[in-house]
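Taken in sequence, the protein lines are chains A and B. Take any residue in the first sequence, note its place counting from 1, add 1381, and you have its number in the numbering used here. Take any residue in the second sequence, note its place counting from 1, add 504, and you have its number in the numbering used here.
Please keep in mind that the hints were generated in silico from the structure rather than gathered at the bench. Keep in mind that the hints are not guaranteed to be accurate.
[Stated by the list, open to error] Listed below are the simulated DMTMM-like cross-link pairs for lysine to aspartate or glutamate, each with C-alpha atoms no more than 20 Å apart in a straight line:
| id | chain 1 | residue 1 | chain 2 | residue 2 |
| --- | --- | --- | --- | --- |
| 1 | B | K721 | B | D910 |
| 2 | A | K1613 | B | E621 |
| 3 | B | K603 | A | E1478 |
| 4 | A | K1632 | B | E1120 |
| 5 | A | K1632 | B | E790 |
| 6 | B | K1022 | B | D672 |
| 7 | A | K1613 | A | E1626 |
| 8 | B | K801 | B | D787 |
| 9 | A | K1613 | B | E1122 |
| 10 | A | K1613 | B | E886 |
| 11 | A | K1434 | A | E1478 |
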Amino acid sequence: MLFYIFRRILLMIPTLFVISFLTFFIIELPAGDYITNQIAALKSSGEQSSVAKLEFLRKEFALDRPFFERYLIWIGAWPGPHGFDGLLQGNWGWSFEFDKPVAEVVGPTLPLTVFLNFATILFVYVLSFPIGIYSATRQYSWGDYGFTFLGYIGLATPNFLLGLILLYLFNRWFGLSVGGLMAPEYIDQPWSVDKALSVLAHLIVPTIVIGTSGTAAMIRRLRANLLDELHKQYVTTGRAKGLREGQLLVKYPLRMALNPFIADIGNLIPSMVSGSVIVSVVLNLPTVGPVLLSALQSQDQFLSGFILLFVAILTLIGMLISDLLLAVLDPRIRLGGRASQ
Amino acid sequence: MHYAEAGRDDNVNVLSVEGLSVDFHTAEGKVRAVDDVTFAVPENKTVALVGESGSGKTVISQTIMGLLPPSAVISSGQVVLSDPSGEIDPVDIGSLDRKGARMRQLRGNRVSIIFQEPMTSLSPLHTIGDQIGEAVLLHRNVGGPEARELTQEMLRLVRFPDPKRALDAYPFELSGGLRQRAMIAMAMICHPALLIADEPTTALDVTIQAEILKLIKEVQSELKMSVLMITHDFGVVANMADEVVVIYHGRIMERGTAQQLFSNPKHDYLKALLNAVPSFHMDKDERLAPIRPIEVKADDLKQGRTECKVAPGEPLVDVKNITKRFGLRKSGLFSSSKSFVTALDQVNLTIRRGECLGLVGESGSGKTTAAKAILRAMEIDEGAVCYNHGDGLRDIADLTGDDLMDYRRRVQLIFQDPFSSLNPRMTINDVLIEPLEIHGIGTPSERADRARSLMSLVGLDARFLRRYPHSFSGGQRQRIGIARALALNPEFLLCDEPTSALDVSVQAQILNLLQDLKRDLNLTYLFVSHNLAVVDYIADRIAVMCRGRVVEIGETREIVSNPLHPYTQALLSAVPEPDLNTPLDFAALDENRASEPASWPEPFRLEAGVAPTLIEMEPEHFVCAPGLQEARALEGTAA
């Protein structure tokens, strides 16, 4: 088992390199870069003075080099204008748009993004599991129909609309400030208990908004999976042994129905980041999503490249976690090799 | 006193079902599945409940277990369980709440059940020990370690090779036979008064079936238990049952001791059912009498049929030394070390034009792989499959383009499972026309005509063409599968276990249909089956396969009456005959499995790497005997 984990982690390294190359390749696909666009804009407006500075920046960030060299400099496997200074050395690059190092731009948003996503995933699982189980075991009951109806509403409502409505209601009922992840007075303040509480209070709306459709989808899938399992022969075997319905449900069909969800953890994380962009923009959340959007629009390549790579790393970690959990929970995966021998 | 005790032995019924009727509430109204059924299971006896699928026999078992689905209602009658051990008072199971505590207390404790499918009856995620021990934990006041002890004891009783290790094994690590043993252990662990065995051996190979039947008998006498054996197989009935109950459409047709029913069946249904079972005692020309015979109307199809140009008796298909290995992936990041399973090991087969060659073997023997190789549905590693197109044998691996399409037209397949082999979203018309469309044969109206004549060929009404597969029974679907295979006027049909999913009465119908079609359309068959009695009935010659090798091949009569290879002998002796006078010889059942080539006696012993050469031991009767070949080679050099 330890060897398996080690092997999986080892396998992540080449994967990361491939992903970083693809990311870089895709970001470089549009013609030109941030600086050339700026130069073009300045030239058309007749301003020549800043052009020299921009040309200097181009050299400074090695944008005048060939594609492969640029890539290698970016990841830090090739000496750039300042020697080896790339991702491998811990330098996340420079954001042209914000005129700051990427680390400073995304730094404050990353923990909040991770925190928000974690809260959302928790929300999705905590809410959808009991409802999914209830719906499956009492198929075609009023409760099942009710949850199905609610679920479809959750799926059909545009997230940003739901977000706006909830923001309004929370503001009216609880006096919560509109937008952001904390009350305005705490922004740029050092962390304190009050600030943390404010963040928690402000997390509720985004969590619900981002999580609703996920919850609805998860309920439907758990219900369908569980319904498939409930009529399998081994469930009857368990019942024929004299097991109580509750014991039976948890021990056999639920365990079986869990596999797809565990396998899904890896996919949930990136979809939470990239799927919540619009919501984040609407709710004015200081997460990575809006930053990524603007970076892509303005071809701020090191910034967008880093964020995409970050999401990819999150995915890989999620995949690793789900694979390990699957191996722990499902002996067929853990011992598959043994059986075929 | 003595008299009273003897009387008690005769009269005590562990289970007595009286006037039981069960209704299902469906969208179309009330459907009566079991109608006024009365029978009893006496103490320490085995009662066989015999019937075809849909006869209500499973509903009766569900009623006894309290496992009826919510839509089922017991309308009348009672099901009384009286436990001879005195642990519980006699109780009417029908009156108990199915999900209530009292029913749960009985289930798995005083009555327990073995299901048909050992593959799906066990949870794949829990160890055998966990699943078996669960029943003891539920019903006996014991702790975990003690339950483990009892489970191990039970696994020993059901003859697990290594009970201690088996406790922590997962079902997918065990063979089908061992899984069924685990199921039996699970059912027996609380020493129930009544064991219901619902088709316990239908999904198993014959040799394993014989072992499981033997095991049930042994455990029954050891634990003093009554058995209700639900089956459709008269071979199993003849070998296991003291009393027999025949059920049809939810009603009991006939009831009596096995002796009475086999020697003097009274009811027409039972007589018909017995006549539909193929047995080794039949004469060569004797035909089975299906309950609903089909009349084949082949006249339409004979017209314009391109006849096979190969003379009868000449080789049509020649399989030469084919070998197929399947690689098993081994876990390892950068290592590409692979282990192989040899599915086919230098297999040689000749199928002559106009004959039916039966290919027999247990699961995993490579018979389906061989059929796939002949179809060119799979690449082979070594050797060649040659087919005679009328101008001599040609390797089918060389066929491309139009030649390959022509080969596909000539060779067609009939599948095992009539339920999954028809697309549920296509009408029967689409199913039958699709091959013609693929091959670009005929105009739309000609195709429609063809579909109609195909339907009448297999005895189905042309009006059914617009229906979807779900509205047909298993036997009807199999006939549609046969019609589809015949759509392109093939010369050669591969039948891959075409009757193993069907009831005996339908099986007889399909077998006769296949025979008639072969006669009327001059077809050649390769008939793959694990059922020796069926192959004996339909095949002219038989090839026996074991572990990817052909071990014996010859005329059907010759193979059945004079089997030379130990594996063939074991296979034949394991077939339960529907005849009380030829019981299975349980005592002679080979403990160390006759399907292990390395443990066959000389000259049949086959070590890994030794070529399984066939020797003509009798005229036209070839046996795989490498030892004999060496002896002959030595003789040759001496001479």
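Verification of the supplied hints:
| no. | hint | in the structure |
| --- | --- | --- |
| 1 | K721(B) - D910(B) | violated, 54 Å |
| 2 | K1613(A) - E621(B) | holds, 11 Å |
| 3 | K603(B) - E1478(A) | violated, 68 Å |
| 4 | K1632(A) - E1120(B) | violated, 58 Å |
| 5 | K1632(A) - E790(B) | violated, 54 Å |
| 6 | K1022(B) - D672(B) | violated, 52 Å |
| 7 | K1613(A) - E1626(A) | holds, 14 Å |
| 8 | K801(B) - D787(B) | violated, 26 Å |
| 9 | K1613(A) - E1122(B) | violated, 51 Å |
| 10 | K1613(A) - E886(B) | violated, 41 Å |
| 11 | K1434(A) - E1478(A) | holds, 15 Å |
Of the numbered hints stated above, those contradicted by the structure are hints 1, 3, 4, 5, 6, 8, 9 and 10, listed in ascending order.
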